[in-house]
Structures are given as structure tokens and as C-alpha cells.
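Chain order of the listed sequences is A and B.
Each residue of the first sequence is one higher than the one before, starting from 65 at the first, in our numbering.
Each residue of the second sequence is one higher than the one before, starting from 65 at the first, in our numbering.
Any given hint could turn out to be false.
Unchecked claim - Cβ-Cβ distance ranges computed for the label pairs, FRET-style: (1) L322/A - R324/B: 16 to 22 angstroms; (2) P277/A - K147/B: 44 to 50 angstroms; (3) R140/A - G81/B: 55 to 61 angstroms; (4) P135/A - R271/B: 22 to 28 angstroms; (5) P135/A - E201/B: 41 to 47 angstroms; (6) P187/A - R203/B: 29 to 35 angstroms; (7) L322/B - P277/A: 31 to 37 angstroms; (8) R341/A - R203/B: 44 to 50 angstroms; (9) R324/A - Q410/B: 55 to 61 angstroms; (10) P277/B - S136/A: 40 to 46 angstroms.
Unchecked claim - Straight line, CA to CA, 27 angstroms or less: simulated DSSO-like cross-link-like pairs of lysine-lysine: (11) K310/B - K310/A; (12) K261/B - K310/A; (13) K244/A - K112/A; (14) K123/A - K310/A; (15) K261/A - K244/B; (16) K146/A - K147/B; (17) K112/B - K261/A; (18) K244/B - K207/B; (19) K275/A - K244/A; (20) K123/B - K112/B; (21) K147/A - K261/B; (22) K244/A - K207/A; (23) K389/A - K244/A; (24) K261/A - K147/B.
Read the hints as simulated data drawn from the structure, not as lab findings.
Quick caveat, the model's predicted, so the values are computed rather than measured.
For every residue, glycine included, the Cβ atom is placed at its ideal position computed from N, Cα and C.
2 protein chains.
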Amino acid sequence: MRPSIAIALDAMGSDLGPEAVVEGAAEASLRPDAPQIALVGDPRQLQKALGRLSHDASKVRIVPAFEVIAPSEEPRRAIEEKKGASICVAARLVAEGECDALVSAGPTGAVTLACAQAFRRLPGVRRAALGAVYPTERRRGEKADPFSLILDVGLTLEASAEDLVAFAIMGSAYARRISKNQRPKVGLLSIGSEPHKGTQSIVQAYRILEKLPEIEFVGNLEGMDIPRGTADVVVTSGFVGNVVLKLLEGIGETVMRLARAASEASLQYQLGLWLLRPAIRRLRQITDWEEYGGVPILGFDKLCIKAHGRSTGRAIRNAIRVAQKAVQSDLVASIQNGLEATTRIQEANTK
Amino acid sequence: MRPSIAIALDAMGSDLGPEAVVEGAAEASLRPDAPQIALVGDPRQLQKALGRLSHDASKVRIVPAFEVIAPSEEPRRAIEEKKGASICVAARLVAEGECDALVSAGPTGAVTLACAQAFRRLPGVRRAALGAVYPTERRRGEKADPFSLILDVGLTLEASAEDLVAFAIMGSAYARRISKNQRPKVGLLSIGSEPHKGTQSIVQAYRILEKLPEIEFVGNLEGMDIPRGTADVVVTSGFVGNVVLKLLEGIGETVMRLARAASEASLQYQLGLWLLRPAIRRLRQITDWEEYGGVPILGFDKLCIKAHGRSTGRAIRNAIRVAQKAVQSDLVASIQNGLEATTRIQEANTK
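Just chain A, same shape as in the assembly (with noise of 0.2 angstroms):
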């Protein structure tokens, strides 16, 4: 066993340059228990990037790789021709076992793609799922946490009802592990509280998801019940999620847009504004991504923190933190549990 935990960071997937995730990486190794950091990408740049900052050198060192996958390339197609590229030879890291977890600002369909390659499908799990957290009303677990995660929110567009309950499993094993809420409430999002209402697979996944003991299944949610936080972990197709998602961040810019425009056509409203400033910069301290940077992938044999493609250094070092506590936590080992207890209790169920 290696002495501590080791990243893999893709330094070359981010929309800022590899000077953002440097400037991270740099950082995250100040920390006292910082873990170990390979950066991966070219090396030439990575050096110039990192000889510029403070950091700690036992703890930072570079993989070298050549190519660079873009944002505009065509992902199924750019990680079967460039094999060099730094989010492949980072996720190689950690399916190799030298790194222990991967973290990469990179396109989402390229950075999917590295980790289906490189890593393993947990058994149980037919479709990989992006999380995604969001601010609630409502606050849970030890840190009195405002965010609900949601997922899928883009890698499974039509899910069936057995990708639903392995959705359901890893969402609330990450709250769990990462968000330290004991017991996750767990909701399918549908049109209607009761059990027949929604598409058949979210009938079918709740007839399955109501006879686990692990999960504190609450139900069927609507749309409603997503700013109200009702549930902690929020289960429904990467298509719907992605939505969603999007709906979300679109409508807290509509917001700022709105606020400052009403700002600049009175002095009264400048004035209400500013006394609800406290207020608003709250609001916007939750709504913040960079403050948990990133958002995991789940379904693999390893970990992978998805950063957002305009991850500042702050982002990418709390990416890395992120993923140095799914490792800590052992999360993959509590998915994996969860889905094998599912498995026994179908097996049983169907005899």
C-alpha cells in the first residue's frame, strides 16, 4: 500500500488552461494533509505553470502527456485516436493503481469516455451517472448542508427502472460518505406522489426501491419538491436531471440579471438592494459551484471528480478534496456494498 492517497489530475482539460488547475493543485499540496498529486499533462507548461507558485514539492509531480482532447471534438472519436491524451493517461493512473482517484475539468462525454475505458463497470450497474448538487430550502446531515444531489444529469438519457434503483444506491451512498447525512432521503422525481404515477420505469424502480431496507426511500417527488429540498438525494434520467440542472443555474442568472437591471432603474430599488446585500451574498455563497468544484461520476470501479470546465484554482482544489474523501470514505467499497445487498434482496424477491 502506497504511504498516502494519490489524484490523478487531468491538468490540461480546463476551459481556463493549465494554469488554473496548476494554481489548484499548488494549493491542495499546502494543506497538511494534503494527498499526493500527480499532474498530468505537458510537462514543459506544467513546470513554468507550477515553478511560479507556492506549493509543496514532496507532494506535486508531473506525468507527462502530449495530446489535449477540446471541447469541440467529437468525444467517441477523440479518446479511441489520441491515447496520449492527458485525461487517458491520468485515468491509466488510477486504473494501474497508482493514483487513487481521477479529477479532470475536461469535456464531459471525453472525461466519461477515459473513465469507461480505463476503469471497470461495478457489477449491478449497467449505466455510469453524473451527480450534480444544488441549493435547498432545507439543510441536512452533520454540516447542516443546504444541497440536495441529483442524478443522473446527462450520461444516461432514458434510464430504465434497474438504472433508476442503481442510481438511487450511489446517490445515497455519496451522501453518505461525502455530505455525512447517516440516512439520505431518497425520491424518485415524477408527476405525482402516488406509486403508479410516471413513466413505467419510475413505477417499476419505486415497486423496487420501497422493499430496500438501505435506502430511506420517500417516495415520488415533483418539481416542486426540488427548491424545497425534500429529499436529499434526487433520482431521475440524465435527460430529465440535465434539464433540470440547467433550469437551475438558468434562473438564478435570470435573477441576477433582473436584480441588476431593477437596480439601475431607481435609486429606491439600488438602495433595497443593498440592505438585502448580506442576504444576497449568502444566497450567492451557496449557489456558488466553485465551492464544491466538481461533481463525481459514479457507476466505475474508481472515482472520478468531474470539475466544471471553467474551474478556477479554488475549484479544482476543492475537486481534489472532494475526491481525497471519497477515497478516505471508501466509497467505491460502499456502492459496491449497496448494490450487491439490492442484487441478494431482487434474487430473493423473484424466487
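Chain B: place on chain A using the hints.
Same frame as chain A, now just chain B:
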């Protein structure tokens, strides 16, 4: 031909009881261009309620119906068993040509089934759609209307490509006729702007829609385009539309609750919110569903305006106005023409 437009009003459907519906009818009857209104329901209750209100007796008549379908009843069974229910009697009045359009605040499932039973589906429509309007940042049309129309919001949970195309045509006709928007922009809700993004139905619908000259197709929308108002008509499956609509409602409620809590927490916030009051009032006004009264059930040879279950008199009056406008502007014929043109183009393309 009847001298004026006649609206069949299911007087027993509202959660607030027949009084609210009668109030709406009485108010509507006093307008100079009032349509004929057939109030359908328990004659004793309706007579009593009507007698207390100022109304134009030449415009309102009572049509007896002695059964009522409650929101708790399983709609399919209720519609089968209660042929004498107010919604069924009202739908038959329209089907038989005695009235031109139907207005009901009854449970959506029962109202739709009553329509399906009494009316004929238009050629080219496989499944009906329920439209809903919501306020956006952008304004459009002759009336600088802040509303976008989204459909389907719950009737056709899983929509095929053909369903989505029919929704686009019906929504476009509705926006042209009711919102007086000459060239409404129609978008497909998806997870990326590229034509290959989304589920298979969406990708196929995209290919058909971009070839239709009748439709101002703006391509795929993403979640953030919903509050922005990028499109005037947002086309999606009933499942996604329902989640989106309830999410939007839920965010409004959550924001109001947070504002109230902030106001109670500190005098400073209270003053800030007080200064912003005119803006908040305006925001409330445009998000007020009572203002637009009802949403259309589209796809049948007769129009139904479904009013909210908790409709007040004002909401009912507005729903009657929308129904009247739809008849005056020949909405159904416009939809039918759009569908026929599409069928011709599709046939020409496949030849």
C-alpha cells in the same frame, strides 16, 4: 349558425366549489362582448349562487347535471361510470354543437378523458397535449407578452417524434392566435443545442421540424433557455413539461418563503424588501396564474380550456375569455391546417 359564441362551463369541477365558478360566469356575462355561457351542474346550487350575483340573465343559462367527479376518484373509471357528471354533460354540449368550447376547473385526468370521449382527435394527432404558460425575461408579440407556452405538461408522458412535431404545430398556432405573436419561435427542449443532442425522439423531431416552413423553428433549447424565454413555444414530453412547470412554481414559493423569513429576521431586510415592493408586486403580477385563467387541451376538434383546480371567480372569468378568443380566432382550424400541411410535406419528403 348561432348568433354568438357559446361556452360550456363545467360548474362543479373547482376545488373551491360551484360558487367560484358561478361568480366567474356572472362577471363574464356583464362584459359588452360576453359569450353565451352554459353553466353545467346541480341546478339548485347553481340557481342559488347565481341569484346572489349581479349578472346578465340573457347570457347565462343553467344546464342540469347531477353527478360530480371528485379529484380523489380514479378518472378513467369515474368517466366510464358517471355519464351524468357535469364535465361529461358539458363536453357533450360542445360535441353536439350547442356550444363552441369547453371550460372546466375539474381534475386534469377526468377533463381530458371527457374530451377524448366526446370530441374527435384531429387527423395527424396521436396524443393530446396540455399547454401551460409561464413568465420569462423576454417579451414577445403584439402585447409585449412575457409568457412562453410549454407543452405537453402532463398528458403524453413519453412523446414520440411525431407527437413532438404535432405539439410544435399546435403550440405555434396557439401562440399566433391567442398571444397575437405572428411568428412564434418554437424550440425543442433538449440537453444541448446541436441537432444530434437528446433522446431519439427529439433528434428525429428536430429533423422534421427544421423542414417545416410553417414553423419558426429555433432548434434545441436547454434548461436555461426556459427562464430566459429564448423560444415562445417550448416543446417537450408530458413528463419533462410537468416537472419543469412544477419546478418553476416551486421556486416561486421557495423565494417568497425565504423573503418572508429574511424580513422576519432583521429590520434591515424588512426595509430592503419594502423598498423593492413595487418590483416584487410586478413580479407577482406576471407570475399570477389567475391572470391567464386556464391552459388549453390541444389535439381535439373542439377546444377545452382547463382552469386551475383552485380557480377563483377572476380565474374562471379569464378562462372564459381565453376560450372565447380561441373560438373567435378559429384556433382549431388553424391547428388543423398546420397538421395537414405537415403531413403533405412529410409525404413529399418520403416519396
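Now for the hints, and whether the structure bears them out:
no. : hint                                : result
1   : L322/A - R324/B: 16 to 22 angstroms : holds (20 angstroms)
2   : P277/A - K147/B: 44 to 50 angstroms : holds (47 angstroms)
3   : R140/A - G81/B: 55 to 61 angstroms  : holds (59 angstroms)
4   : P135/A - R271/B: 22 to 28 angstroms : holds (25 angstroms)
5   : P135/A - E201/B: 41 to 47 angstroms : violated (27 angstroms)
6   : P187/A - R203/B: 29 to 35 angstroms : violated (54 angstroms)
7   : L322/B - P277/A: 31 to 37 angstroms : holds (35 angstroms)
8   : R341/A - R203/B: 44 to 50 angstroms : violated (29 angstroms)
9   : R324/A - Q410/B: 55 to 61 angstroms : violated (46 angstroms)
10  : P277/B - S136/A: 40 to 46 angstroms : violated (31 angstroms)
11  : K310/B - K310/A                     : holds (15 angstroms)
12  : K261/B - K310/A                     : holds (15 angstroms)
13  : K244/A - K112/A                     : violated (39 angstroms)
14  : K123/A - K310/A                     : violated (36 angstroms)
15  : K261/A - K244/B                     : violated (36 angstroms)
16  : K146/A - K147/B                     : violated (67 angstroms)
17  : K112/B - K261/A                     : violated (39 angstroms)
18  : K244/B - K207/B                     : holds (7 angstroms)
19  : K275/A - K244/A                     : holds (24 angstroms)
20  : K123/B - K112/B                     : holds (17 angstroms)
21  : K147/A - K261/B                     : holds (25 angstroms)
22  : K244/A - K207/A                     : holds (7 angstroms)
23  : K389/A - K244/A                     : holds (11 angstroms)
24  : K261/A - K147/B                     : holds (25 angstroms)
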